[in-house]
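K.L.:
One letter stands for each residue in the lines below.
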Amino acid sequence: MSFFDSFIEYAPLFLEATLVTLRLTAVALAIAMVLGGVIAWMAMSRFRPLRWLATAYIGVIRGTPLIAQIFVLYFGISEIAKMPAFWAGALALAAHNSAYIAEIFRSGFQAVPKGLVEASRSLGMSRRKTLRRIQAPLALRTTLPVLGNQFIIAVKDSSLVSFIGMTELFQTSRNLQAQNYEPLQMYLMVSVYYLVIVLILTFVVNRLEFSLSKHRRPVEQGATTGSNGGGTPLTSAANRKSEGRP
Amino acid sequence: MTSTSQGQPLVSMRDIVKTFGENVVLDGVDLDVHTGEVVVLIGPSGAGKSTLLRCINGLEKITSGTIEVDGQRLSYQEAEINRIRSRIGMVFQAFNLFPHMTVAENIMMAQRDVLGRSAQESRQRAEELLDRVGLGEKADVYPDSLSGGQQQRVAIARALALDPAVMLFDEPTSALDPELVGEVLHVMRELADAGMTMIVVTHEMRFARRAADRVVLMADKQIVEEGTPEEVLDNPTSERGQAFLRQLSEE
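Listed in order, the protein sequences are those of chains A and B. Be aware that the first sequence starts at 333, since it is given in the numbering used here, and climbs by one per residue. Be aware that the second sequence starts at 290, since it is given in the numbering used here, and climbs by one per residue.
Please keep in mind that the hints were generated in silico from the structure rather than gathered at the bench. A quick note: this is a predicted structure, and the numbers were derived from the prediction, not measured. In this text, a Cβ means the ideal position worked out from N, Cα and C, and glycines have one as well. Each hint should be verified, as a subset may be incorrect.
[Claimed, not checked] Computed Cβ-Cβ distance ranges for the label pairs, DEER-style:
| id | chain 1 | residue 1 | chain 2 | residue 2 | range |
| --- | --- | --- | --- | --- | --- |
| 1 | B | Gln-409 | A | Val-528 | 43 to 53 angstroms |
| 2 | A | Arg-394 | B | Thr-355 | 19 to 29 angstroms |
| 3 | B | Lys-350 | A | Thr-474 | 26 to 36 angstroms |
| 4 | B | Arg-478 | A | Phe-379 | 41 to 51 angstroms |
| 5 | B | Arg-499 | A | Leu-472 | 42 to 52 angstroms |
| 6 | A | Leu-385 | B | Asp-502 | 30 to 40 angstroms |
| 7 | A | Phe-403 | B | Ala-368 | 46 to 56 angstroms |
| 8 | B | Gly-516 | A | Arg-380 | 47 to 57 angstroms |
| 9 | B | Gln-409 | A | Arg-383 | 42 to 52 angstroms |
| 10 | B | Thr-355 | A | Ala-400 | 21 to 31 angstroms |
| 11 | B | Arg-499 | A | Leu-385 | 51 to 61 angstroms |
| 12 | A | Val-528 | B | Gln-413 | 44 to 54 angstroms |
| 13 | B | Asn-312 | A | Arg-383 | 38 to 48 angstroms |
| 14 | B | Gln-413 | A | Phe-379 | 52 to 62 angstroms |
[Unchecked claim] Sample of chain B residues with no beta-carbon within 12 angstroms of chain A, all distances over it, derived:
| id | residue |
| --- | --- |
| 15 | Glu-367 |
| 16 | Arg-447 |
| 17 | Leu-457 |
Generate coordinates for the entire structure from the input sequences, incorporating the hints supplied.
P.N.:
Quick look at the structure:
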């Protein structure tokens, strides 16, 4: 049977498995974003013990293989209570990604110029409001490309959950090749599915990035291009002449 | 605008000491500024002018001494300091406009979040102020598309939007190309003429001469000279003051 014939034959199976993979990754990333935010906040806290805790967490998670984390969580939890593979996998993926996302958030916040925070505080804006109106939106804008990258990694890493028996995309290809003895075809086929997911995700992130970077695009004729970083004085003769003097 | 009674200073600083670790930056500074007064702080770099200014709205915490603004003792407790800060406008050397907001949004943010004004009211106020600084048509552009002089004028409008009792200017023209300095000083002079209480750190001696009611010369972490522009700039009595002004005239 040709690749295309079997592609069509197995499409329903793979599409169903795609939904499982997407759900698994989405749940894991949603948890990871919240957890990562908390860890990043701890890492930037003024209280030393919180910083230590965050550093230890990030160190342990980044220093051990994801597959080991999945097994430890799955078998560790099933000692105490029966936990579905989906949730064990989602939690392991969430824990794993939260460490990386925490580092991304931290770098994003630290990249927000101190002067902007001071400007906001000098207007009487509280710490919390400054966080919400200035630091968070600007951090999001600088970290979006890196965050997108992490999401892509997470989609592909979710394949490791197949080893605790989740019938997601990768497990589907493993099962099929065991039946039809066509490992090359099956693994190529599943790769196409991952590739398509990642391409769509990349497109979405790029669109988001574009819509969030309005401020970096020149808005009007005669204005200088937004090529230099925010806050630097831009001077062009055309720009000055076109404006009404006070 | 303010309810300060005649004679009582709007900003009153007593025996201000500020240290960064071992490093003493302000060593016993007293400064009173009355309503409607324009005070210009000059002096060599490292004298502590900017630090003194930043102490007034609590961007720097003083090590000892007292600061009163509008009859209220400055406290660093979050709710207290936010309330006092909303009465003190500040303009920075680096403009510090929020790059992800349009010019109008920059001016509206604190009106809405701090004063609780409606979107419509704050937008209207933003447009008024933009007209006043000569940037009426720039309400909906992003700061990056403006020149430095325009950005600084927006920053002034942003600070004015909260109807502050006093405006602080921290070297507002130092980051500007020479040909853009005039437009910012023009706006500041108009503000001074309109009776705004202002404390200005600057190297622009022409501005000091034309707009200041009082010039304060700082050197070596202290105020060494104080008086009308003529007194301080033309006939300085202190040795440090004379040295600083000699240096200026050589440039």
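K.L.:
Now look at each hint and say whether the structure bears it out.
P.N.:
Outcome of the hint check:
| no. | hint | result |
| --- | --- | --- |
| 1 | B:Gln-409 with A:Val-528: 43 to 53 angstroms | holds, 47 angstroms |
| 2 | A:Arg-394 with B:Thr-355: 19 to 29 angstroms | violated, 49 angstroms |
| 3 | B:Lys-350 with A:Thr-474: 26 to 36 angstroms | holds, 29 angstroms |
| 4 | B:Arg-478 with A:Phe-379: 41 to 51 angstroms | holds, 48 angstroms |
| 5 | B:Arg-499 with A:Leu-472: 42 to 52 angstroms | holds, 45 angstroms |
| 6 | A:Leu-385 with B:Asp-502: 30 to 40 angstroms | violated, 55 angstroms |
| 7 | A:Phe-403 with B:Ala-368: 46 to 56 angstroms | holds, 50 angstroms |
| 8 | B:Gly-516 with A:Arg-380: 47 to 57 angstroms | holds, 50 angstroms |
| 9 | B:Gln-409 with A:Arg-383: 42 to 52 angstroms | holds, 45 angstroms |
| 10 | B:Thr-355 with A:Ala-400: 21 to 31 angstroms | violated, 60 angstroms |
| 11 | B:Arg-499 with A:Leu-385: 51 to 61 angstroms | holds, 58 angstroms |
| 12 | A:Val-528 with B:Gln-413: 44 to 54 angstroms | holds, 50 angstroms |
| 13 | B:Asn-312 with A:Arg-383: 38 to 48 angstroms | violated, 26 angstroms |
| 14 | B:Gln-413 with A:Phe-379: 52 to 62 angstroms | violated, 44 angstroms |
| 15 | Glu-367 | violated, 6 angstroms |
| 16 | Arg-447 | violated, 7 angstroms |
| 17 | Leu-457 | violated, 8 angstroms |
Going down the numbered hints, you'll see the structure goes against 2, 6, 10, 13, 14, 15, 16 and 17, while the others check out.
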